[in-house]
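Novice: Okay, here's what each chain looks like letter by letter:
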Amino acid sequence: MNDRLRPVMLEQAVQDARKPRRPLLARRYALEIRQQLAWYWQASIIGLALLVGLGLSAAILVAAGVPAGELLNEFVVLTVFDLQSLKAVLFQASPMILVGLAGCMAFRARFWNLGLEGQMIWGAIGATAISLFQIGPEALRLPLMFGAAVVCGLAWAVAPVLLKLRLSVNEIISTLMLNYLALNFLLHLLYGSWKDPRSSFPYSPQFQPFERLPDVLDGISAAVPLAVVVALLALWFLGLSRAGLYLRFVDANPRVAGAVGVPVRRMIVATVLLSGAMAGIAGFLVTAGQEGRLTQSFYQGYGFSGILIAFLARNNPIAALVVALLMAMLFVAGRSLQVFYQIPFSMVQLIQAILVICVASSDFFIRHRIRRVQGGES
Amino acid sequence: MSTLNAIQLTGVSKSFDGFMALAQADFTAKWGEVHALLGENGAGKSSLMNIAAGLYAPESGSLFIDDNPVRLSGPRDASRYRIGMVHQHFKLVKPFSVAENILLGLPEQPGNAVRGSHRQRLRALEARIGEKAAELGFAIDPCQATESLSVAEQQRVEILKVLLAGARILILDEPTAVLTDQEAERLLETVRSFARQGAAVILVTHKMSDVKRFADRVTVMRGGRTIQTLDPQSVSIAELVRLTVGESATTHAHQPGTPGEERLRVRGLRSPEVGGHRVLNGIDLSLRAGEIYGIAGVGGNGQSELANALMGLPEPTEGDIELIGFGDLRRASSEQRRALRIACIPADRYGTALAGELSVAENFGVGQIHGGRYGSFFRLRRKRLEEDAAAAIAGFDVQGVRSLKQKAALLSGGNAQKLVIAREFSREPQLVLVHSPSRGLDVRATAAVHGRLRTARDAGAAVLVISEDLDEVLALADRIGVMNAGRIVAEFPHPADRQAIGKAMVTHE
Numbered sequence: 095m096n097d098r099l100r101p102v103m104l105e106q107a108v109q110d111a112r113k114p115r116r117p118l119l120a121r122r123y124a125l126e127i128r129q130q131l132a133w134y135w136q137a138s139i140i141g142l143a144l145l146v147g148l149g150l151s152a153a154i155l156v157a158a159g160v161p162a163g164e165l166l167n168e169f170v171v172l173t174v175f176d177l178q179s180l181k182a183v184l185f186q187a188s189p190m191i192l193v194g195l196a197g198c199m200a201f202r203a204r205f206w207n208l209g210l211e212g213q214m215i216w217g218a219i220g221a222t223a224i225s226l227f228q229i230g231p232e233a234l235r236l237p238l239m240f241g242a243a244v245v246c247g248l249a250w251a252v253a254p255v256l257l258k259l260r261l262s263v264n265e266i267i268s269t270l271m272l273n274y275l276a277l278n279f280l281l282h283l284l285y286g287s288w289k290d291p292r293s294s295f296p297y298s299p300q301f302q303p304f305e306r307l308p309d310v311l312d313g314i315s316a317a318v319p320l321a322v323v324v325a326l327l328a329l330w331f332l333g334l335s336r337a338g339l340y341l342r343f344v345d346a347n348p349r350v351a352g353a354v355g356v357p358v359r360r361m362i363v364a365t366v367l368l369s370g371a372m373a374g375i376a377g378f379l380v381t382a383g384q385e386g387r388l389t390q391s392f393y394q395g396y397g398f399s400g401i402l403i404a405f406l407a408r409n410n411p412i413a414a415l416v417v418a419l420l421m422a423m424l425f426v427a428g429r430s431l432q433v434f435y436q437i438p439f440s441m442v443q444l445i446q447a448i449l450v451i452c453v454a455s456s457d458f459f460i461r462h463r464i465r466r467v468q469g470g471e472s
Numbered sequence: 007m008s009t010l011n012a013i014q015l016t017g018v019s020k021s022f023d024g025f026m027a028l029a030q031a032d033f034t035a036k037w038g039e040v041h042a043l044l045g046e047n048g049a050g051k052s053s054l055m056n057i058a059a060g061l062y063a064p065e066s067g068s069l070f071i072d073d074n075p076v077r078l079s080g081p082r083d084a085s086r087y088r089i090g091m092v093h094q095h096f097k098l099v100k101p102f103s104v105a106e107n108i109l110l111g112l113p114e115q116p117g118n119a120v121r122g123s124h125r126q127r128l129r130a131l132e133a134r135i136g137e138k139a140a141e142l143g144f145a146i147d148p149c150q151a152t153e154s155l156s157v158a159e160q161q162r163v164e165i166l167k168v169l170l171a172g173a174r175i176l177i178l179d180e181p182t183a184v185l186t187d188q189e190a191e192r193l194l195e196t197v198r199s200f201a202r203q204g205a206a207v208i209l210v211t212h213k214m215s216d217v218k219r220f221a222d223r224v225t226v227m228r229g230g231r232t233i234q235t236l237d238p239q240s241v242s243i244a245e246l247v248r249l250t251v252g253e254s255a256t257t258h259a260h261q262p263g264t265p266g267e268e269r270l271r272v273r274g275l276r277s278p279e280v281g282g283h284r285v286l287n288g289i290d291l292s293l294r295a296g297e298i299y300g301i302a303g304v305g306g307n308g309q310s311e312l313a314n315a316l317m318g319l320p321e322p323t324e325g326d327i328e329l330i331g332f333g334d335l336r337r338a339s340s341e342q343r344r345a346l347r348i349a350c351i352p353a354d355r356y357g358t359a360l361a362g363e364l365s366v367a368e369n370f371g372v373g374q375i376h377g378g379r380y381g382s383f384f385r386l387r388r389k390r391l392e393e394d395a396a397a398a399i400a401g402f403d404v405q406g407v408r409s410l411k412q413k414a415a416l417l418s419g420g421n422a423q424k425l426v427i428a429r430e431f432s433r434e435p436q437l438v439l440v441h442s443p444s445r446g447l448d449v450r451a452t453a454a455v456h457g458r459l460r461t462a463r464d465a466g467a468a469v470l471v472i473s474e475d476l477d478e479v480l481a482l483a484d485r486i487g488v489m490n491a492g493r494i495v496a497e498f499p500h501p502a503d504r505q506a507i508g509k510a511m512v513t514h515e
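First to last, the sequence lines map onto chains A and B. Residues in the first sequence are numbered from 95 upward in steps of one, following this note's numbering. Residues in the second sequence are numbered from 7 upward in steps of one, following this note's numbering.
Calculated from the structure, these hints are not laboratory results. Just so it is clear, the structure is predicted and the values come from calculations on it, not from any experiment. Honestly, I wouldn't trust all of these hints.
To be verified - A partial selection of chain A residues facing chain B, derived with a Cβ cut-off under 7 Å: (1) 347; (2) 348; (3) 355.
Positions of the beta carbon are idealized from the N, C-alpha and C atoms, including for glycine.
Make a model of the complete structure from these sequences and hints.
Specialist: Given below as structure tokens:
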């Protein structure tokens, strides 16, 4: 029976071989573009992508020598369930929330503000100048420092936005280059005239107690409620005010926005300046909240984190709040890994990058659908 | 004409996000014929042909080429079966030359491989393009960048692209929509002779006259179904219209308006001189309240530039555009334009009128948001906006809106246009500026849009209609200006002589 079947099978095999070959994946699946996807599906896809990213990061950490059993302990238990660490996380999170919001703001206006770090540095320099030159009475010193940070951060964003609108200068380049200018100016100050005369280390003299952000509640810095308030303001601006709808049009299609009467240029200028101001506040929080003096702590890549936070949060202020908290957990855990396992702090940036790549790739599944094609003759 | 089937689709269904675009559609084209596929916008013509060209995978149904069952994995696969489609919106890489664009579309067959460097292969291809173009009677320079070509020339490049890739089943999606009468005639003559040489040509269209004059058979589609296949010579246009629309659509006889005082005066409007040539070269026109002024002309004679200048879009011009009682219209800010109740309906719906990614309600509401109708700057009254949007959508018969939060990009052309009109007409307009309002719209949607324009005129608005479709201008306008080489070369009061207008459109000084 086998012998009789064989020629038929052979013939079939020859025919199969003659058929046009298709790539394996194209055989039963079709890729389609999705027009619309409910927000909860989008959220689940992004959540899944984050899980994948965390899994990959965990694998890398284990490979780098962190015991697998300790990971959960280091990243979750010791950051959230330990009161001291939780305070540290919140403390760490507040400037991150602000740079994240600053990113959301600018990106909503289709302005790729990569100069968050520069604006933050200027915010810090502005606040420190008020302290250094002892401007204003003691009671008003802190509000004045805050105001100076806002103005300086905002001012550092003026040139790129005007250059873009008037001369079409690419803001990615201009803002990025201005970061180097700001950073080198900071170093110039710290190694020069602003150096602490008492220690000759490259940082400014210590702020006086009334120049530092007070604690509001049992060790929780005023930086935390301040960050939440700014987040709520951003939520109002982007979601509930008229400006929010204008910005959605600017983001979706600037030409349409202009044609239907949205003040496109004014919206872009206002939003970018607000973004700069928020980054300035972040700088204020780092100096007056965390450090108590002007230091080089900006090397920790806050500006970069801000861009990541805005991206991961899809420019949504509430999501930025959450993502900034997660990033802060990562930072805090990263420091303890550095101490206990000698894992370099750059591992934190690697994890950040992995998470971003995963979420960015998940966009593919939001925009496309993979569907099984019903069987049919070929 | 042979009796052999070139391509056959049976029982084809396809849905998009729950919307049934095709329901059990059947279609057969034979070798040697020009087969028209007729239907309104959204009838499923393009979806059916995209399945035939391998762009979409059908959910059910089968495809036969030469009576053999076939499954297509994509356009490249379709090209192996010698199917080629020219889309309504051309798929050309603009900065690339004609030859480079055609090279991109060529399948990697042994016959196409020429040994040598890329440059040598390109030269060989350019020679082949030259031959093929001469054979079809196209004048095309293969080295020219496609972005510098006119729309008609770009279409010829698309046709050359699929023919050089070896297509014998040629699908043309709305090929005459962008062409002038003369260009359309030449194109259809060419494809008919191509069919006579034994190929199969499928002509997707909603123009009855093209079907009547050039098709051997016609299949009518409606609501995702194929209704009937017949011989166009044996049915009247009225019958074809009845089959496509489903009910007899009434054709409006022109009712003239009663013009009042002058509202818009344009004097000596020019564009800056570029290479000794001005796109707008001294436009003079005067628009009165209660009249529709139509600007006819062959596309590319400055209509878009004139529309931009009037609609407040970036367009450098010199000369006067005076809105009576206000002054220079170009100086009006967007807020002032709203306050003056100027309605603009641009030709490029998703380029300048609607943000496709945003919701229907937002696209509607943005028109009146500046006046404070939807709350102060500090608080957006979304509920009121949505109520107004819902009322306007019902009032202007915008169909296909499943939710106010739905993206505007999901609306079909006609419904998107109705949404634009609903927004622009939400405050009784005083001046209506319209460019190609029925481009890509079907009979019924066109009638609805025209009705709105007439209503606005009867309510006392001054209406300016710029259109490359002469039938549209004739149907709407109380006065017609003919635009040629950046000027209004002739003006005709209603009733105008079609022949005289046609002559003014094509005569060059």
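Novice: If you test the structure against every hint from before, which numbers come out violated?
Specialist: 2
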